[in-house]
Amino acid sequence: MRYLYETHCHTKEVSACASASAEEQVRKFKAMGYSGIMITDHFFNGNTCIDRSKSWVEMCEDYCKGYENGKKVGDEIGMTVMFGIEYTYHGTDFLIYGLGKDWLKAHPEIMDIKVPELSRLVHADGGLFVHAHPFREADYIDTIRLFPHDVDAVEVYNAGNRSDAMNDRADQYANSYGLVKTSGSDAHHLSQEIHGGVVTEKPLAGIEDYIELVKANALKDILRHYRAPESKQIGG
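Numbering (the working numbering), first residue to last: 1 to 236.
Hints are not guaranteed to be accurate.
Straight-line distance between alpha carbons at most 27 angstroms, and here's what the computed DSSO-like set of lysine-lysine pairs gives [stated by the list, open to error]:
(1) 12 x 28
(2) 220 x 30
(3) 28 x 202
These aren't lab readings, by the way, just hints derived from the structure by calculation.
All chains, full assembly: derive it from the sequences and hints.
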């Protein structure tokens, strides 16, 4: 058996650029044969729809709504839904896993620190720090910044990139530094047809299992240009 997991997914509850709700995303990936998804909405320094006039604690509560709505549906239909964060540093995006709402509430300083310091803070509390689509070219990205000594892994395939060249460069970058490779759909809309994700040999009980596999470089495989087959031989 093999088990598919989406590692990079957005919801309209939190991400301003998403049109799919958490429930819709969970049900879509379940129908495609995935065993679980990681909801990684844009944080306050990215394209979020969270009201920034609220207090920090209130903003953190609102930020987790996409994940919480998705997990409720996932628990009902047998889909593992895990929490993540897409953090933006001047247009450079990182995926953070393993740190939840209470951690966010306790660390308002993350809005004003540099990447190496954020990496140390994430790792100090057992989190995973992944560079998302490092070679993406877009209007909102003024500089390609690389942090090979601060990340645990590199997203070498992102289905949201406009060209394969962006993914190929990320793959070469990971090879040159011996970094673990991950993949994600960067899903925002139900209309998306091409997806990514990671493959495991055993089902993940939670985000801690994913962190352990990545840090041990023990993922079975990653998905590139994935379309759900008509007949799925995938764990559920």
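Evaluated hints:
1. 12 x 28: holds, 15 angstroms
2. 220 x 30: Holds - the C-alpha atoms of residue 30 and residue 220 are around 20 angstroms apart, at most 27 angstroms.
3. 28 x 202: Since the Cα atoms of residue 28 and residue 202 sit roughly 21 angstroms apart, the hinted pair holds (cutoff 27 angstroms).
The structure fails none of the hints (numbered hints given earlier).
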